[in-house]
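**Q** According to UniProt numbering, the residues represented by the sequence shown are 1 to 551, in order.
Below 20 Å or equal to it, Euclidean Cα-Cα: the simulated SDA-like pairs (lysine to any residue) are: (1) K327 x D187; (2) K327 x E196; (3) K327 x R190; (4) K327 x D238; (5) K327 x H191; (6) K327 x G216; (7) K327 x E217; (8) K327 x T186; (9) K327 x D262; (10) K327 x Y241; (11) K327 x S193; (12) K327 x E220; (13) K327 x R315; (14) K327 x E194.
Simulated DEER-style distance windows between Cβ atoms: (15) G239 x D187: 24 to 32 Å; (16) F180 x A25: 52 to 60 Å; (17) S505 x A372: 22 to 30 Å; (18) G124 x M20: 20 to 28 Å.
No wet-lab data here; the hints were simulated from the structure.
Using N, Cα and C, we set each Cβ at its ideal position, and we do this for glycine too.
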Amino acid sequence: MSAHVARTVARHVDHVFGVMGNGNAWFLDALERSTTARFTAVRHEAGGVVAADAHFRASGRIAAATATYGAGFTNALTALAEAAQARVPLVLLTGDEPTSGPRPWDVDQIALAAAVGARTYTVGRADAAATSVIAIEHSLTYRVPVVLAIPYDVAALDAGPIPDAPEPVLPQPLAPAGPFDAAAITDLARHLSEAERPLLLAGRGAWLAGAGPALGELAEATGALTTTTALGRGVFPDGRYDLGVAGGFGAHGAMELVRQADVAVVLGASLNQFTMRFGELFAPGTRVVQVDIAPAATHRHVGGFVRGDAALVARALVDELHALRAKPSGWRETVDVAASRAYETGPADGLAPDGRLDPRSVAHRLAGLLPADRVVVSDGGHFIGWANMYWPVAAPDRMVMVGTAYQSIGLGFPSVAGAAAARPDAAVVLTTGDGGGLMALADLETAVRTAGGRGLAVVWNDAAYGAEVHVYGRQGITEEPMLIPEADFAALAGAVGADGVVVRSLADLDRVGTWAATPVAERPFLLLDCRVSGSVVAPYQEEILAANRAR
1 MSAHVARTVA
11 RHVDHVFGVM
21 GNGNAWFLDA
31 LERSTTARFT
41 AVRHEAGGVV
51 AADAHFRASG
61 RIAAATATYG
71 AGFTNALTAL
81 AEAAQARVPL
91 VLLTGDEPTS
101 GPRPWDVDQI
111 ALAAAVGART
121 YTVGRADAAA
131 TSVIAIEHSL
141 TYRVPVVLAI
151 PYDVAALDAG
161 PIPDAPEPVL
171 PQPLAPAGPF
181 DAAAITDLAR
191 HLSEAERPLL
201 LAGRGAWLAG
211 AGPALGELAE
221 ATGALTTTTA
231 LGRGVFPDGR
241 YDLGVAGGFG
251 AHGAMELVRQ
261 ADVAVVLGAS
271 LNQFTMRFGE
281 LFAPGTRVVQ
291 VDIAPAATHR
301 HVGGFVRGDA
311 ALVARALVDE
321 LHALRAKPSG
331 WRETVDVAAS
341 RAYETGPADG
351 LAPDGRLDPR
361 SVAHRLAGLL
371 PADRVVVSDG
381 GHFIGWANMY
391 WPVAAPDRMV
401 MVGTAYQSIG
411 LGFPSVAGAA
421 AARPDAAVVL
431 TTGDGGGLMA
441 LADLETAVRT
451 AGGRGLAVVW
461 NDAAYGAEVH
471 VYGRQGITEE
481 PMLIPEADFA
491 ALAGAVGADG
501 VVVRSLADLD
511 RVGTWAATPV
521 AERPFLLLDC
531 RVSGSVVAPY
541 QEEILAANRA
551 R
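Work out the full structure: start from the sequences and follow the hints.
**A** Here it is in structure tokens:
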């Protein structure tokens, strides 16, 4: 029966990540022997789910993870919760208890998966192929992870010839429908045509909808400035008038311009508290209209709502503007966008008052050294601001942030494997902290093995759980549990075949230039162990602290 699952899944999934155990051994045997899908071994079950997650975010193609039952399954739960929170489709193929009932070491995996937001499909001898297709269809339709479970006592059974299974049937993009939606689009087009300072804000949903070209036309037709969420960076095709990331990662000057907007259209963005700067993103007089496939507006500051696919609605707005003979506002030509996007770059020598590196100086210097053709994968932690502020990316699928949806750390190193498989010609740059890096250390070897000379990791090593220090240390809570004995990540990297460099000065970063100039096949994975100061607080963190004080 495992052969039915493997061959059916391999028709729709070209990559599987995971750890082999006795609950999934027969599945992996069939996958390796009778399909063209590639299997990449990771060293921790969470890493398999993380890699499948990162693969989708970097390519738009669904991938699979696999783990055994029991402890193997429970090890994967944090990563599964992250995928569910982030609305990432993937399939976790796992062993499960026998059909005769649980053994002493079995747990209720269906309940555990449901608790973190994932539905389970359990295959049987007669329906394995069809059930596998249904699971994939559900995952892609609702953009959620699913669990595909194989009971232990039927995994090795011969279920006969593999039956023909139907192709997954996926829904069409959600089109605005009816007179109310039509009137809302006409009304919004009229407001945009009359706006003096129009603004477009797009998120990951706009990218998934393929709305980039339509958004470019809409920005041109209205003369709007543009901005994006962290996960939507690069979705607008014309970067000359883009203010960068909205919210806590945004530059001060850019966010001041956002507050000047008189009409703001939000497309494919959920408007979470961080994007909205805890309610301070828009000025009180701004007319904010949201376009999304959600059933209703997702923030109380939204004054108008159009339910529909971002690409379809953007195209409809362009058509309406043309019908109105609307002219661009001209606002974007009157402002210095480049100056508004400027961030503080830290001291010239790169050193903070405590003698350790200022992370702003490191991030700014690295921006000019990293390969242009790159995918950035990010762990969670205080440091996430540095890459999002200082490292430009070409498109939303070039910035993979696994962990932030669930507020998790420790998912960074296995993300490299997923991005490397998804983008086999691009460099893969990991940004992680020392806390999350140590938590994910099992898959440091996976990152080095899978990315090879295309891989580079930047470890922001401040010998602490930085976010906790800045949030709770300031409140007088003892900092001892928040501190980490300084780990030598460069040495750890060397132990698994990478080139590790301890970075204590900006001059030490010159190693990146040498590495980038070396042919990929001739260079190792490079890890930069950046000894940064914990005294420099990311602006988004200050925003969070201010919001907490105001409560």
